[in-house]
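Chemist: Residue numbers (UniProt numbering), protein chains in the order written: chain U, 1 to 376; chain S, 1 to 376.
Hints were generated in silico from the structure; no laboratory data involved.
Check the hints yourself; a few may be wrong.
Note that the list lumps identical chains together, so a pair holds whenever it fits in one copy or between two copies.
[Claimed, not checked] Under the rule of at most 30 Å between Cα atoms (straight-line distance), these lysine-lysine pairs were calculated in the DSSO-like manner:
(1) K87 with K59
(2) K346 with K220
(3) K358 with K138
(4) K163 with K138
(5) K132 with K163
(6) K358 with K101
(7) K220 with K59
Protein chains: 2
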Amino acid sequence: MSISSFNPPRRTLMGPGPSDISPQVLQALSKPTIGHLDPLFVNMMDEVKSLLQYAFQTKNEITMAVSAPGSAGMETCFVNLVEPGEKVIVCINGVFGARMKENVERVGGIAITVDGEWGRAVSPSQLEDTLKQHSDAKFVAFVHAETSTGALSDAQTLCAIAKQYGCITIVDAVTSLGGVELRVDDWQIDAIYSGSQKCLSCVPGLSPVSFSPSAVDKIKSRTTKVQSWFLDQTLVMDYWANNSGGKRSYHHTAPVNSLYALHESLLHLYREGLETAWARHADQHQALAQGLADLGIEFIVPEAERLPQLNAVYIPEGVDDVAVRSYLLNEFNLEIGAGLGAFAGKAWRIGLMGYSAKSENVLLCIAALKQALNKR
Amino acid sequence: MSISSFNPPRRTLMGPGPSDISPQVLQALSKPTIGHLDPLFVNMMDEVKSLLQYAFQTKNEITMAVSAPGSAGMETCFVNLVEPGEKVIVCINGVFGARMKENVERVGGIAITVDGEWGRAVSPSQLEDTLKQHSDAKFVAFVHAETSTGALSDAQTLCAIAKQYGCITIVDAVTSLGGVELRVDDWQIDAIYSGSQKCLSCVPGLSPVSFSPSAVDKIKSRTTKVQSWFLDQTLVMDYWANNSGGKRSYHHTAPVNSLYALHESLLHLYREGLETAWARHADQHQALAQGLADLGIEFIVPEAERLPQLNAVYIPEGVDDVAVRSYLLNEFNLEIGAGLGAFAGKAWRIGLMGYSAKSENVLLCIAALKQALNKR
Chain U
1 MSISSFNPPR RTLMGPGPSD ISPQVLQALS KPTIGHLDPL FVNMMDEVKS
51 LLQYAFQTKN EITMAVSAPG SAGMETCFVN LVEPGEKVIV CINGVFGARM
101 KENVERVGGI AITVDGEWGR AVSPSQLEDT LKQHSDAKFV AFVHAETSTG
151 ALSDAQTLCA IAKQYGCITI VDAVTSLGGV ELRVDDWQID AIYSGSQKCL
201 SCVPGLSPVS FSPSAVDKIK SRTTKVQSWF LDQTLVMDYW ANNSGGKRSY
251 HHTAPVNSLY ALHESLLHLY REGLETAWAR HADQHQALAQ GLADLGIEFI
301 VPEAERLPQL NAVYIPEGVD DVAVRSYLLN EFNLEIGAGL GAFAGKAWRI
351 GLMGYSAKSE NVLLCIAALK QALNKR
Chain S
1 MSISSFNPPR RTLMGPGPSD ISPQVLQALS KPTIGHLDPL FVNMMDEVKS
51 LLQYAFQTKN EITMAVSAPG SAGMETCFVN LVEPGEKVIV CINGVFGARM
101 KENVERVGGI AITVDGEWGR AVSPSQLEDT LKQHSDAKFV AFVHAETSTG
151 ALSDAQTLCA IAKQYGCITI VDAVTSLGGV ELRVDDWQID AIYSGSQKCL
201 SCVPGLSPVS FSPSAVDKIK SRTTKVQSWF LDQTLVMDYW ANNSGGKRSY
251 HHTAPVNSLY ALHESLLHLY REGLETAWAR HADQHQALAQ GLADLGIEFI
301 VPEAERLPQL NAVYIPEGVD DVAVRSYLLN EFNLEIGAGL GAFAGKAWRI
351 GLMGYSAKSE NVLLCIAALK QALNKR
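This is chain U alone, in the form it adopts within the complex (with noise of 0.2 Å):
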């Protein structure tokens, strides 16, 4: 074999994940991995745990990440909550909407499907009416913000309507977790899931998650056991639980530096403050918005229904997608992001996510993309 280390470039993430990582995470990341029940690195959990109920905006005593990526996250909540033959109205607009739907019947559960145009917000009215339907309904799960499509939903309004029919409420917040507003115990969230590597501009391979008191009871209340070990939370809820940074009972090895990384995101995150961060990402979507208006991309998503982190545009007629993602990638070495699911080949996904989301980069993309496309 001739192999010889891995010497990657410095790339742009302007992608649907990973993002851009400031040095500092980096830094952090690359510290002197220390024992997962060392006291010092129990109380940098307990430090992150406070961190994110901040981002989350939750007092929830159950706030944690998974030692996995987001996709385990969304499996987190699936499987600790909903039991066989339990009844989930699921909210598809998008690729993850569709996964969700997965995961309901992988743990024996009932999905129930809202199905939504691809490229729009969940349509509350669409929601209630199934709810008037399937009064049995026990949960209500949507996606919060689209990834394969670049739609934002209301959250506080779906999570409001759940409530009515007496529904446990679960989020997909991957990508909008630091990038658009998102409240949730003012809006009633149970259950939600993110990743790491989006707005949080962390390095991918940790979930956050965080469960309300009801979304506890629940998980305490089955009557089978969690068919995951791994993802079993009340069996890691004994290892993140502890706040006293005494004793922890041993579940499985942390991701010790990945922990350390996302210790320091987050602390940049509480540092800038919520609602500058999510002013930045909707002034940077402005600016690219205005750019891609100017080159004639147009958007998919109607404008009061865009995410500003994830701006999926239709490729022009005529141009070759794969050509062009790769120009921009060898000459600038600046990442977009290709379509998924239904958009695949039709669409491209540019990312403004946390550290990814400043001026330098807007600039970067639009002149690059210019260049690209009178190329053809």
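Since chain U is already given, all that's left is putting chain S on it; use the hints.
Modeler: Just chain S now, kept in the frame of chain U:
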């Protein structure tokens, strides 16, 4: 909140993992993040696969790193291979064998246990007796290196017996990979999982796995869906399998930076050579064992069944477990491990894993223990 950047001290890690990590691996970890579908990253993943094939001594096409810790690697094996109602012989001689049983039951399998003494190797004759009584068993599962007790089992013999009875073999190599002889193909191991943070001396959070053609056939012939979406190898294989460096289908966002670190740590193992690494672990173990004997400290495991990389010893009579470990940590930044399961409070586990298996660590550990014991 008053939280500042986390600055861990440099510890010497001689517990049951994580182990010491070389400066080059930490440096690799903090290299610039690139996209998980970037052609350069895809090519690096192919190299990780080749390096893992070397480490496991296998030609298995399906050899990869699960994007989560070793316990998720364990679950990956059981959740993909075992279907509800299928019988699995599980050999238990410590905490991790018991966890295997838990995994079998959570997928709806029937676990038949071979209950061995904690601190001893799994008994081949006891396995054979059990197989004679359960001719309908489809799997034999055991732990090669029991991290909770320090016992090494004879994987080659156990697999040979399992094969005589037509069983698929599932082996836990979390602590063995890179530290003691292990030959997946020669020994007829069908499914194996390990951890990044033991003798590979990479950061915690990844689980190398490998599946033989027989195991892959079993997975492909399933009549039920894998109950975990995140760990479903029929989906993950599509993500890792492509060798051409070309198109790779999206499943989840790979933990990019952790994989940089795994690449670098596997490269170190390849350059050192497996046999040399095994001999180094054996040599350092001899030195440590001599030093412990001089202090009057006794091993739990009989000499012939001892793991060189994990030395489980009885805490001397009258010595305060926690006080000694805290003293080592606070005075010398030296971490040794507590006892686990049946040995909690009764044993210490002293790791000599990967980059930690070096003479300066042995000297420090013996000298520090001597000082700690003299203080009582």
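Chemist: For K358 and K101, with the copy left unspecified, which applies at a CA distance of at most 30 Å: within, between, both, or neither?
Modeler: neither (35 Å within a copy, 51 Å between copies)
Chemist: Taking 30 Å as the upper bound on the Cα-Cα distance, should K163 and K138 be classified as within, between, both, or neither?
Modeler: Within one copy, since 10 Å is at most 30 Å while 47 Å is not.
Chemist: Quick one: K346 to K220, C-alpha cut-off 30 Å, is that within a copy, between copies, both, or neither?
Modeler: neither (45 Å within a copy, 32 Å between copies)
Chemist: Indicate which option fits the pair K87, K59 if close means a Cα-Cα distance not exceeding 30 Å: within, between, both or neither.
Modeler: within (28 Å within a copy, 45 Å between copies)
Chemist: Taking 30 Å as the upper bound on the Cα-Cα distance, should K132 and K163 be classified as within, between, both, or neither?
Modeler: within (13 Å within a copy, 57 Å between copies)
Chemist: At most 30 Å between C-alpha atoms: does K358 with K138 qualify within a copy, between copies, both, or neither?
Modeler: neither (42 Å within a copy, 57 Å between copies)
Chemist: When no copy is specified for K220 and K59, does a C-alpha distance of 30 Å or less occur within a copy, between copies, both, or neither?
Modeler: within (19 Å within a copy, 45 Å between copies)
The structure does not agree with the numbered hints 2, 3 and 6 stated previously, though it agrees with the rest.
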